[in-house]
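Visitor: Spelled out, the chains give:
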Amino acid sequence: AQSVAQPEDQVNVAEGNPLTVKCTYSVSGNPYLFWYVQYPNRGLQFLLKYITGDNLVKGSYGFEAEFNKSQTSFHLKKPSALVSDSALYFCAVRDILSFNKFYFGSGTKLNVKP
Amino acid sequence: GAVVSQHPSRVICKSGTSVKIECRSLDFQATTMFWYRQFPKKSLMLMATSNEGSKATYEQGVEKDKFLINHASLTLSTLTVTSAHPEDSSFYICSANSFPRVNEQYFGPGTRLTVT
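Listed in order, the protein sequences are those of chains A and B. No gaps in the numbering here: position 56 of the first sequence is 56 in our numbering, and each next residue is one more. No gaps in the numbering here: position 26 of the second sequence is 26 in our numbering, and each next residue is one more.
Calculated directly from the structure, the hints in this document are not laboratory data. All values derive from a computational prediction rather than experimental measurement. Quick reminder that beta carbons are idealized off the backbone N, C-alpha and C, glycines included. Among the hints, erroneous ones may be present.
[To be verified] FRET-style restraints, in silico, Cβ to Cβ:
(1) B:F99 <-> A:S84: 30 to 36 Å
(2) B:L26 <-> A:P40: 18 to 24 Å
(3) A:L56 <-> B:S43: 25 to 31 Å
(4) B:E104 <-> A:V83: 26 to 32 Å
(5) B:C13 <-> A:A5: 30 to 36 Å
(6) A:P114 <-> B:E59: 39 to 45 Å
Hey, can you work out the whole structure from these sequences and the hints?
Guide: Below, the structure is given as structure tokens:
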């Protein structure tokens, strides 16, 4: 079965500092990995995805993620955090063997303080 | 970009009644729609997968008779919570994708259900 894990419930960072939100994965075959962001009482918004190619993936709003096969990780990063980045972040994996279902991690709340 | 809407955005119902939530793809034909439930501590749980014109596939532990899913057309899926109870109160989110762009999954804004 495909799964992702987000080991941190919450990440706190000061505005202007770099941020990292962690995700590790467990998949059969090639991983199809995604990051989504959710603002309060809203649906999920797509940030970026890794399917194949370069290990460093660039996405929306200045976010990027690094795919690391040896560590089975797909951490989300941003060089300089903004207060407006404060939200809930989800890592996800697509199960290509089962209707292309997406399975989500438990989510990480990012707090960026001024 | 592709837009998915949900209606209603918020609903309050009495215990024992049924409530229907609609999920629509506004500018594309959704081959597959997914229903998620988000619990208070933020975990997003996949409830079921529905393909247009066929029966939904439910995840383990999700009651089929309680959460009725219908995917009658390529732009509409409905989730009906039957005989709702307070423990069914939650945030329900749908998403959709369209073959062959199966890596693109578009999410609705969610529906907050409160059962009193």
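Visitor: If you test the structure against every hint from before, which numbers come out violated?
Guide: Of the numbered hints, all hold.
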